[in-house]
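Number of protein chains: 4
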Amino acid sequence: MAGKIRITIWNEFYHEQRLAVVKEIYPEGIHRALADYLENAPDLEIATATLYDPHQGLPDDVIEKTDVLIWWSHLKHEEVSDAIVDKLHRRIIEGAMGAIFLHSASGSKLFKRLMGTTGGGKWREAHEKERLWVLKPGHPIVDGIGEYIELPHEEMYGEPSNIPEPDELIFMSWFEGGEVMRSGNAYTRGKGKVFYFRPGHEEYPTYYNKDVLKVIENAARWVAPLNAPPSITTGNVPSLEKIKGFHRDGHGNRIESV
Amino acid sequence: MAGKIRITIWNEFYHEQRLAVVKEIYPEGIHRALADYLENAPDLEIATATLYDPHQGLPDDVIEKTDVLIWWSHLKHEEVSDAIVDKLHRRIIEGAMGAIFLHSASGSKLFKRLMGTTGGGKWREAHEKERLWVLKPGHPIVDGIGEYIELPHEEMYGEPSNIPEPDELIFMSWFEGGEVMRSGNAYTRGKGKVFYFRPGHEEYPTYYNKDVLKVIENAARWVAPLNAPPSITTGNVPSLEKIKGFHRDGHGNRIESV
Amino acid sequence: MAGKIRITIWNEFYHEQRLAVVKEIYPEGIHRALADYLENAPDLEIATATLYDPHQGLPDDVIEKTDVLIWWSHLKHEEVSDAIVDKLHRRIIEGAMGAIFLHSASGSKLFKRLMGTTGGGKWREAHEKERLWVLKPGHPIVDGIGEYIELPHEEMYGEPSNIPEPDELIFMSWFEGGEVMRSGNAYTRGKGKVFYFRPGHEEYPTYYNKDVLKVIENAARWVAPLNAPPSITTGNVPSLEKIKGFHRDGHGNRIESV
Amino acid sequence: MAGKIRITIWNEFYHEQRLAVVKEIYPEGIHRALADYLENAPDLEIATATLYDPHQGLPDDVIEKTDVLIWWSHLKHEEVSDAIVDKLHRRIIEGAMGAIFLHSASGSKLFKRLMGTTGGGKWREAHEKERLWVLKPGHPIVDGIGEYIELPHEEMYGEPSNIPEPDELIFMSWFEGGEVMRSGNAYTRGKGKVFYFRPGHEEYPTYYNKDVLKVIENAARWVAPLNAPPSITTGNVPSLEKIKGFHRDGHGNRIESV
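Protein chains in written order, with the UniProt record's numbering: chain A, 1 to 258; chain B, 1 to 258; chain C, 1 to 258; chain D, 1 to 258.
FYI, nobody ran anything at the bench for these hints, they're computed from the structure. Be a bit skeptical, because a hint or two may be false.
Intra- or inter-copy, both count: the list cannot distinguish identical chains.
To be verified - As a list, the in silico EDC-like pairs of lysine to aspartate or glutamate whose alpha-carbon atoms are at most 20 Å apart:
no. : residue 1 : residue 2
1   : Lys109    : Asp82
2   : Lys242    : Glu125
3   : Lys129    : Glu241
4   : Lys244    : Glu150
5   : Lys4      : Asp43
6   : Lys65     : Glu241
7   : Lys109    : Glu125
8   : Lys244    : Glu125
9   : Lys244    : Glu203
10  : Lys210    : Asp143
11  : Lys244    : Asp211
12  : Lys214    : Asp36
13  : Lys242    : Glu79
Assemble the whole structure, with the sequences as input and the hints as a guide.
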């Protein structure tokens, strides 16, 4: 990106307004915790949006100014407007925007649309330890991260999960209770880049963890669109080489031509 | 598969009934040309279905007895019932069925749902030569195939295309007019396997080509579900290891427990 | 394979002859424990070989009759003859043979040659539990396996490891002590297939575990060469299409030709 | 990289000094043509080295100051010192250096060591056209590149080739004579990144093509090591979780401990 990367952090913002335990940790919402950190990066420009804002926080002019979408949702996946999902999906495929999906956003309409699977899987709330081990130590998303990230308490998600094989598998989670989970998954869809990052149950202060925030910051730069992406032609294209082709006459019959 | 692999070949069957040039090549439809060949394999059990059959050829009892779905469609993608697409999609994700998508079936509802992208791309009808080069010469899908398959006349599809990076890229097409295309693409979605195979424009006798048929036969065995797939638990699961967890009291507050 | 798959199980066979604890578990060697199980499969033909046999168990006629090589080694990697490694390597690349590497065979000359990395990594002997979670539940290598394989006691290997990203990542290990490891890794090298399977420390009865044995049996079929692999031309090839080329005169100057 | 990326362009520099046709195109060598372009980038610091320099251009202090190695070789692969190859290989695996291999450098000792295969394949000199089609239009290596790069005359390399499946396949070449080739291949080996870029036969002015140069520039940034890579522990590691382990007594017998 030549200028700043314009990031929109979208949050369902449901639990934080209703559950005391969540409100205590994220009094202004998960989106604000993320924004407070990301605003320190001079190359990033941060906006936030929630389900309860007008147009669910994503009117057309916001979508069109978003280079990177960060998405957190859990209970209200189905309330997100299909029309908005369509626009976001198209924007990613066209390479105008990248996206980061956090934790339970694996069940969001947009993520499932991009992945081609149905979501769902194993989970457990048992106040257990998670370690996210780095599998690709040379990848820009883990710049500044050690061998693993440790979170003292997290919700568990477990394999086998039906998300597709990522183009690059960057983190694998170990859980105290006995499971593993693909936890940092990089995908390309069309010209757009997508990163799924597992941690972030709303009842834990995960989004204050320095390593978790650093990964999200790195990922924002990684999914950001190119400065000069190719403009790709679609539809019926002429031949690049001279070949004998044909056209059709008024009856739909083929007539050879050069 | 312990018994025979039960294959359902689904065909839009539109062009063959309306265009003389197509009817001449496939008088009983593309599905019958494929069936005629595949019925020779003693381990395969073949059925066919078309858009114009009752229930679009896919009533529940047919879906439930299909191990491998072979799909050809072009102009009538959008007429296929959403309810049927939902059922087929779920069956693939659950690993009860594999699927092979042929040629323009890349634009079908089901394929786009599985891939997460929007379809579309470059194409050209110019009576040109296609060569499908083998990129993974050890893969079971190319058993019995030489270095490449040559088709004297085919429709061109060209890169860049927005289909996702396959788990395994098995064929790459060379076109006389100057383009290339990922043409034999293997994917896993959930527990199900999916193979996309590019050639097969309705105006050419592609589905009589011995190599093309052999690839479809090989692919049918490759996408077929396992004899004994794992039964995967989902939802809230207990801890495999003893850890200190918690439950909630009547007010939604967490209470620690072992 | 049209006939039986001819398997050669190669074992270093060092510890079993020297350490009481190992001899007690594998009195005739790890190779015999594997052979005893695999000999039950009617489509497999089993031979064994060890470092202490003439020609290190791998004279040319044995190599030339091996479709699948299963390899276990630990302390004596460097004693294996370079000439034998060259022959085995070439046979795999040419697609005449597949290979399965077990446990510490990740440090063998042949495996490192195939992978392009240096081996080495984290390990610990702490009598701890390992769970191998299935990540690709539709893959033929896990046919008949549940969600995970549990081994009550194993040696730990931990990530990050420098083995390359596998073409397919089939198992991920969870260790009681806090680590994870890519544990069932499928690779293609040239026309040959390679599978790395982590468990099998010599001081534990891992190779009597029914699931471990089933995976090795499945993998043997998966890495076995094709019935009819393509015969690939190399070197200077003529043009498939008519193009204006050139040859050289006696002075090395280019002369155009058609 | 916090400071400049230190690039060493290594060239065999054989043909340019001996063949008139090559000398005419690259009078100071391929390395200088590349350097002339790359020196314009303010974030890159360029040095060159050749086979005929003392220590083959790669004494230890040069290796230790190289962040990115660019390698061109053809006829003199085998003359490169094994000791140098060992050092370069280790440096890549450790993530201290990335590498770009150009054209026939696919046959170099270092590239074959990293890939695990034997090199070799189809080739043809017929003055034919090459098009490199972009398969991953969102990848940083193709920033600023259109749908394809066209080279009016190049040497052909053809599939099937025995190089391993890349982690990311970025370019696919189309050749006038009828072949295709994986032409822009990204790999990770250990913590290091490797990019293979096909074009660049010495008898054509390929390394003056703006798109080819731009790809090499982009790739140099992409393979460059991280600012803060994880320092990875290897060898015998203590348990992260409390588990009951054991040590050995003076006789090699295991004694349980906590």
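The hints, checked one at a time:
1. In the homo-oligomer, the alpha carbons of lysine 109 and aspartate 82 lie at most 20 Å apart both inside one protomer (8 Å) and across protomers (17 Å), since each shortest distance falls under that limit.
2. Taking identical chains as interchangeable, the C-alpha atoms of lysine 242 and glutamate 125 lie at most 20 Å apart only when they sit on different chains, with a minimum of 13 Å there against 64 Å within one chain.
3. In the homo-oligomer, the alpha carbons of lysine 129 and glutamate 241 lie at most 20 Å apart only across protomers (10 Å), although the nearest pairing inside one protomer, at 60 Å, exceeds that limit.
4. Within a single copy, lysine 244 and glutamate 150 get their C-alpha atoms only as close as 63 Å, which misses the 20 Å cut-off; across copies the closest is 18 Å, which meets it.
5. In this assembly of identical chains, lysine 4 and aspartate 43 lie within 20 Å of each other by CA distance both inside one copy and across copies; the values are 5 Å within and 19 Å between.
6. Within a single copy, lysine 65 and glutamate 241 get their C-alpha atoms no closer than 39 Å, and across copies no closer than 46 Å, so neither meets the 20 Å cut-off.
7. In this assembly of identical chains, the alpha carbons of lysine 109 and glutamate 125 never lie at most 20 Å apart, being 23 Å within a copy and 37 Å across copies at closest.
8. For the identical chains of this complex, lysine 244 and glutamate 125 are inter-copy neighbours only, at 11 Å across copies versus 66 Å inside a copy, given an alpha-carbon limit of 20 Å.
9. Taking the closest pair of Cα atoms, lysine 244 and glutamate 203 come within 20 Å of each other only across two copies (16 Å); inside a single copy the shortest separation is 66 Å, beyond that limit.
10. Taking CA atoms no more than 20 Å apart as the test, lysine 210 paired with aspartate 143 passes inside one copy only; the shortest distance there is 13 Å, against 31 Å between copies.
11. For the identical chains of this complex, lysine 244 and aspartate 211 are neighbours neither inside a copy (60 Å) nor across copies (25 Å), given an alpha-carbon limit of 20 Å.
12. In this assembly of identical chains, the alpha carbons of lysine 214 and aspartate 36 lie at most 20 Å apart only when taken from the same copy (13 Å versus 37 Å across copies).
13. Proximity of lysine 242 to glutamate 79 under the C-alpha cut-off of 20 Å is found in neither arrangement, the shortest distances being 53 Å within a copy and 37 Å between copies.
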